[in-house]
Each structure stands twice: as C-alpha cells, then as structure tokens.
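Student: Sequence:
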Amino acid sequence: FGGRAESQRAEAQAAKDAAASAFYELDTAQRDLRISMETITAVDDSPAARHAVADFEALGQRIDQASGRYIQAVDATDLDRDDLEASAASRARADLTAAKDELLNVKRELDRFSSGLGPLLGKAETQLARLAP
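Sequential numbering of the sequence shown, starting at 54, is according to our numbering.
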C-alpha cells in the first residue's frame, strides 16, 4: 500500500508543480497587460478604450476566481505529510489538475484579449511618444 501512496503523492506533486507554473504564467501575463492598459488609459478616453478597460476588469475577476481555486487546492492537502493516504493524494491531484486547467483557460482568454488591443495600444504609444520631450 505504501508504494501506491507514494505514487499518488508523486503524481499530486507533479500536478501541484504544473498548477504553480500556470499560476505564475497567468500572473506575469496579467501584470504585463496591466502596463499596456495603463498606457492606453493615460491618453485615450474613447469608447473603445473604456470598453477595453471594462473587459480587462472582468478578466481580472475571472483571474481572481481561478487564482483563488488554485490557492484552495494547494492549501487543501499537505503533500509532505508522512501519513498522507493514497486517496487524499489522488483527490489533491484531481483538484490541482482542475485548478491548472482553469488557470490555463483564463490565460488563453487573457492572451486573446491582449492580441485584440494592438490598435489601441499602438495609437496610445504613438500619442505618448509625441508628448515625450
């Protein structure tokens, strides 16, 4: 039985590592996009810019939800416990895999949103360049 528990623990740890990677990728992408949004809002108050800000805020809520689920999944099971049961490790693996999948889905949404900002961002960067001394 100990071998099965160790195997389940290893799979859960791999799922935890994959979820952590997805979490950090999403966090970095959100931070980078926030800078782009600040660039746009600094010089553009058009309806398109306001719509982009509202969409970014909605995405931020989705990111917060996915991040919260990831943190819950990480905190739910101590994978380093000596007496970790195979069933608990298996459940942790499933929860962490689901959290990772949700983080990756939100990251894809964020990437799609980001790619659609090209025209607004280009216009804003041009306007800011004109303002620079």
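A portion of the hints provided could be inaccurate.
[To be verified] Pairwise CB distance ranges (calculated):
(1) Glu59 <-> Val106: 45 to 55 angstroms
(2) Ala107 <-> Glu78: 19 to 29 angstroms
(3) Arg103 <-> Glu59: 47 to 57 angstroms
(4) Gly175 <-> Glu138: 50 to 60 angstroms
What the hints contain is simulated information worked out from the structure, not anything from laboratory work. Idealized CB from N, CA, C, for every residue including glycine.
Student: For every hint, state whether the structure bears it out.
Tutor: Do the hints match the structure? See the list:
no.: 1; hint: Glu59 <-> Val106: 45 to 55 angstroms; in the structure: holds (49 angstroms)
no.: 2; hint: Ala107 <-> Glu78: 19 to 29 angstroms; in the structure: holds (24 angstroms)
no.: 3; hint: Arg103 <-> Glu59: 47 to 57 angstroms; in the structure: holds (54 angstroms)
no.: 4; hint: Gly175 <-> Glu138: 50 to 60 angstroms; in the structure: holds (55 angstroms)
In this structure, every one of the numbered hints holds.
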